[in-house]
Amino acid sequence: MDWGSLHSFLGGVNKHSTSIGKIWLTVLFIFRIMILVVAAEIVWGDEQYDFVCNTLQPGCKNVCYDHFFPISHIRLWALQLIFVSTPALLVAMHVAYRRHEKKRQFSKGDQKCEFKDMEEIRKQRFRIEGSLWWTYTSSIFFRLIFEAVFMYAFYFMYDGFRMPRLMKCNAWPCPNTVDCFVSRPTEKTVFTIFMIAVSSICILLNVAELCYLLTKFFLRRSKKAGNSKQQPNHENKEETKQNEMNELISDSCQNTVIGFSS
Amino acid sequence: MSWAFLRDLLSGVNKYSTGFGRIWVAVVFMFRLLVYVAATENIWKHEHDEFECNIKQPGCENVCFDHFFPISHIRLCALQLIMVSTPSLLVVFHVAYRENREKHHNQKLYKNPGKIDGGLLCTYLISLILKTGLEIVFLVLFYKLYNGFKIPPLVKCDIKPCPNTVDCYISKPTEKMIFLYFLVATSCLCIALNLGELTYLIFKYSIKCYLKRHVKKQQ
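Listed in order, the protein sequences are those of chains G and X. If you read the first sequence in the UniProt record's numbering, its first letter stands for residue 1, the second for the next number, and so on. If you read the second sequence in the UniProt record's numbering, its first letter stands for residue 1, the second for the next number, and so on.
Pulled out of the complex, with its shape left as it was, chain G reads as follows:
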């Protein structure tokens, strides 16, 4: 169980995302998770071991380290990545529910079902419409909230994004104000700025995706309003067909509900 499992969970949801959503996922995996695992964890690996205070007083280093780093950067990023990835599960669950319903319809031999077999249901591509649009939009909204909250928490806890070389500490049992030195401050600052920059890019992508979905929604609505005046029956039939297709296709990602199979 590791970040690779998260990749399999989200890979399935990728099928049902917009193009911007797919770019977001790529950025998430390559520029955040991979960097975290391959580089950042090593840079922060020796953080307490190499945190040195100019005192021989036992316990002073522990207390000072705890005071300046209530929660390590690396753990905060890990939590941020987990929280930011979770809303995608809402979409996966909605889709799986729809698929389950369609499978039930199919197995009962419903005449409405337009698909010849389960494989076709699974392979169908899927469009974000109807109630799935609401789920998808909510998931993007939650993603944005989580990203913003974590970035603010980071800024608030560490007074900005810079890692100082020297910290002055006078928490008990340190006998007086003691100089404490952080290990690899410049490298840590570089990675912090990098992660914050990528986080900002992800926020921008989410905002863009939200705008895109809203624009599409309003355009579709105005088209419907225009068309319904001319050909009400034809539009309804098309809508029903599209909705059914969406449901069928969305069922096809039941395997990716929690991304467990294979």
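Keep in mind that the hints were calculated from the coordinates and are not lab data. Beta carbons: idealized from backbone N, C-alpha and C, even for Gly. Keep in mind that a hint or two might mislead.
To be verified - Among chain X residues calculated to face chain G with C-beta under 7 Å, some are:
id: 1; residue: Met30
id: 2; residue: Ala38
id: 3; residue: Glu52
id: 4; residue: Asn54
id: 5; residue: Ser171
id: 6; residue: Pro173
Using the hints provided, position chain X relative to the given structure of chain G.
Showing chain X alone in chain G's frame:
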């Protein structure tokens, strides 16, 4: 053998679960297992090395650490995760038993061996009760062993061979406490999900039973 084994085991259970059950599996994987492996394990990694006492007496640190941490938080969490995931296997075994029976008799004995009804419903309910019970047991154990869910930065120790009351400092107490609260919160969420699922299943099948009897009476 690693956590991936547990993941694969539970993905099999997912097939026979209700909607609540699937949300429970998602919560366990995303918020407990993944957080455990990606973050929590590293915080407690060097807890013994970084545990420091204000004394040079050999053995004092060891004895004090052992006194205050009879079992490490992280090991207790790991045990909890394993124990809480295991009752779900009862359902998998029951379904396998049903499928085996069908094979043995060479005829279709059940409409769908994976459907939660009859004996499988009882097994499912028992697994839910066990899961909830084990979660509560571990939470109570945590609370009793560590006097609540707090991790103090300083503990005072006077066990032999420490010559007198000695100050001992725990490493990263704040970070540990944050993650402990997080794990406790997700544990409570899982308990709520299990209770919700239990209520839903009992309610659903009671209504089904009542309707069947009602139809029979009318006939």
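Problem set entry | Those earlier numbered hints the structure runs against, lowest number first | The structure conflicts with no hint, since it agrees with every one listed earlier.
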